[in-house]
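Asker: Construct the complete structure from the given sequences, taking the supplied hints into account.
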Amino acid sequence: MSSRRSRISEEEITELISKLQSLLPETRRRGASRASAAKVLKETCNYIKSLHREVDDLSGRLSELMATMDVDSAQAEIVRSLFRS
Amino acid sequence: MQATKSFEQAFLRHLLRGFRLSAVSYKSMSLQERKSAIKLSADVAMASARGSRKWTRGLITKLSREDEHRSFLRLILGTEYGRLTKPRHGSWKIPRSKKIVRRSLRVCSRRKNNLRAPHGVKSGVLARTLVEKRTHALKRLVPGGESLDGCSLLDEALDYVISLRAQVDLMQKLLTTFEAPKLRALSKCTLPERKASFVGK
Numbered sequence: 001m002s003s004r005r006s007r008i009s010e011e012e013i014t015e016l017i018s019k020l021q022s023l024l025p026e027t028r029r030r031g032a033s034r035a036s037a038a039k040v041l042k043e044t045c046n047y048i049k050s051l052h053r054e055v056d057d058l059s060g061r062l063s064e065l066m067a068t069m070d071v072d073s074a075q076a077e078i079v080r081s082l083f084r085s
Numbered sequence: 001m002q003a004t005k006s007f008e009q010a011f012l013r014h015l016l017r018g019f020r021l022s023a024v025s026y027k028s029m030s031l032q033e034r035k036s037a038i039k040l041s042a043d044v045a046m047a048s049a050r051g052s053r054k055w056t057r058g059l060i061t062k063l064s065r066e067d068e069h070r071s072f073l074r075l076i077l078g079t080e081y082g083r084l085t086k087p088r089h090g091s092w093k094i095p096r097s098k099k100i101v102r103r104s105l106r107v108c109s110r111r112k113n114n115l116r117a118p119h120g121v122k123s124g125v126l127a128r129t130l131v132e133k134r135t136h137a138l139k140r141l142v143p144g145g146e147s148l149d150g151c152s153l154l155d156e157a158l159d160y161v162i163s164l165r166a167q168v169d170l171m172q173k174l175l176t177t178f179e180a181p182k183l184r185a186l187s188k189c190t191l192p193e194r195k196a197s198f199v200g201k
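Chains as they are written, first to last, in full-length UniProt numbering: chain R, 1 to 85; chain Y, 1 to 201.
Just so you know, these hints were derived from the structure itself, not from any lab.
To give a feel for the contact side, a few chain R residues facing chain Y, derived at Cβ under 8 Å:
hint, residue
1, E12
2, L16
3, K19
4, A38
5, V55
6, D56
7, R61
All residues carry an ideal CB built from backbone N, CA and C; glycine is no exception.
Answerer: Structure, rendered in structure tokens:
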């Protein structure tokens, strides 16, 4: 019974690893074949870290812009974005 | 795999609210303080827009550990705050799931290694250690990841990455939107006014 359970979770894990791989920028560019779990895990960690850095950078740039901007026009811009999307 | 339109709209809505709530202090803040406030708003907006997931709860819990964040979080999340930070009743299951994690990771990496390169026991051990090591690294990066087992961790990581990407895209779009009027204002200074030439005619 335990072997059945581990087989099921193994399939799930394989599928999840493959889904993660499809998200990674490197994979999207080269359309790579199936990478190892270890590689996908490493690339996922790197990707998350780079996304964190981007958010940090964008926060900085937004803060510079919003220093001189008043909140009402900021709100108006955001609402406009909402309608556009 | 992408974030939904409703997530995007909810994110922008929450971000707007976050800006409004902390805007009072914006003018009096230092650049660094404003940046932290914006980043906090963005993270809360992302977690709030996504709803209840293990990583969103982990993120809110992590953010609320800072005293200065807690009042903002309570203000912007309202009743959601209590729900998102409440320890789940299933937390006592953690010790057991760790065993399942190790077992499933062992089986998974051993099988994986056999499928790819049927070497020997040594490479199997190496692969298993590498996967374990990388899994630990991922646990630290995904909010709330420390208490998750193999499948859940990967599932949450997947969801988290999709949400992070959307967060980056939306913040980038916002930046572009905010910069546009400034660019227009700049171009007005350098180019002759179209309206004036029209009126002239």
